[in-house]
Amino acid sequence: MMQKLGYLPMTPSQTGGPYVHIGTTPEAAGLDPSPFEQLGKTIFEGNAKGERIALTGRVIDGHGAALTDVMLEIWQADANGLYAGQEGADPAFYGFARRAVDFTTGAFRFETIKPGAVKQYDGSYAPPHVTFWLSARGINTGLHTRMYFPEDDLSGDALLARVQHKDRLKTLIAEKTEDGYRFDIRLQGDDETIFFDI
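Take the sequence shown: its letter number 167 is residue 166 in numbering that gives the first Met the number 0, and every next letter is one higher.
Note that these hints are calculated values from the structure, not bench results. Don't take every hint at face value.
Calculated pairs, DMTMM-like style, for lysine to aspartate or glutamate (alpha carbon to alpha carbon, straight line, at most 20 Å) [claimed, not checked]: (1) Lys48 with Glu110; (2) Lys169 with Asp60; (3) Lys169 with Glu191; (4) Lys175 with Asp152; (5) Lys118 with Glu86; (6) Lys40 with Glu72; (7) Lys118 with Asp101; (8) Lys165 with Asp183; (9) Lys113 with Glu50; (10) Lys169 with Asp196; (11) Lys113 with Asp152; (12) Lys48 with Asp68; (13) Lys175 with Glu86; (14) Lys165 with Asp152; (15) Lys175 with Glu150; (16) Lys175 with Asp196.
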């Protein structure tokens, strides 16, 4: 017998932990993800075009301590500024990766390709950037931010043009390291990273 559909309330949001790692980064939780490859484990295949870089850092709380229960995802364009699925995009570059931070130190590391400038809707180009999404215990909704490279001109970025407090743009710029870039994400405090409402 068919029943009339009634109103179903929205499921309440929940924080990311402590079981988020079991489902999304099983290797970090000490589980064998086989027979399937862990989603986001690898962002590119060996023949991907472009400069290979490492993105490292930590997620830091308002007291200056590194969080040890964070899951991070990154999205980015390939070396030519094209996202996976776009015509002409590098088929060996997936554009997405996922990691749990080190459960002891809170450090993260992504092996990736330096992205190219991305064509915007108005025909101009946004400087190369990597989008970060993070979830952790106590964070009800995932946080979105971007990482930019210190050697690039950021003046043409449409998103950054909308940031009211220009003095805080420095929180989105990575620091050059020997094998790539370091990007610490600060959740609170004077140097709180800019997060975007996406």
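Here is how each hint holds up against the structure:
1. Lys48 with Glu110: Holds, at about 14 Å.
2. Lys169 with Asp60: 18 Å, holds
3. Lys169 with Glu191: Since the Cα atoms of Lys169 and Glu191 sit roughly 10 Å apart, the hinted pair holds (cutoff 20 Å).
4. Lys175 with Asp152: Holds, because 15 Å separates the two Cα atoms, which is no more than 20 Å.
5. Lys118 with Glu86: Given pair Lys118, Glu86 holds - Cα atoms ~13 Å apart, limit 20 Å.
6. Lys40 with Glu72: Roughly 10 Å between the alpha carbons, so the hint for Lys40 and Glu72 holds.
7. Lys118 with Asp101: 35 Å, violated
8. Lys165 with Asp183: 19 Å, holds
9. Lys113 with Glu50: 6 Å, holds
10. Lys169 with Asp196: 18 Å, holds
11. Lys113 with Asp152: 15 Å, holds
12. Lys48 with Asp68: 33 Å, violated
13. Lys175 with Glu86: 31 Å, violated
14. Lys165 with Asp152: Cα-Cα ~14 Å, so holds.
15. Lys175 with Glu150: 9 Å, holds
16. Lys175 with Asp196: 27 Å, violated
Consistency with the previously given hints fails for numbers 7, 12, 13 and 16, ordered from lowest to highest.
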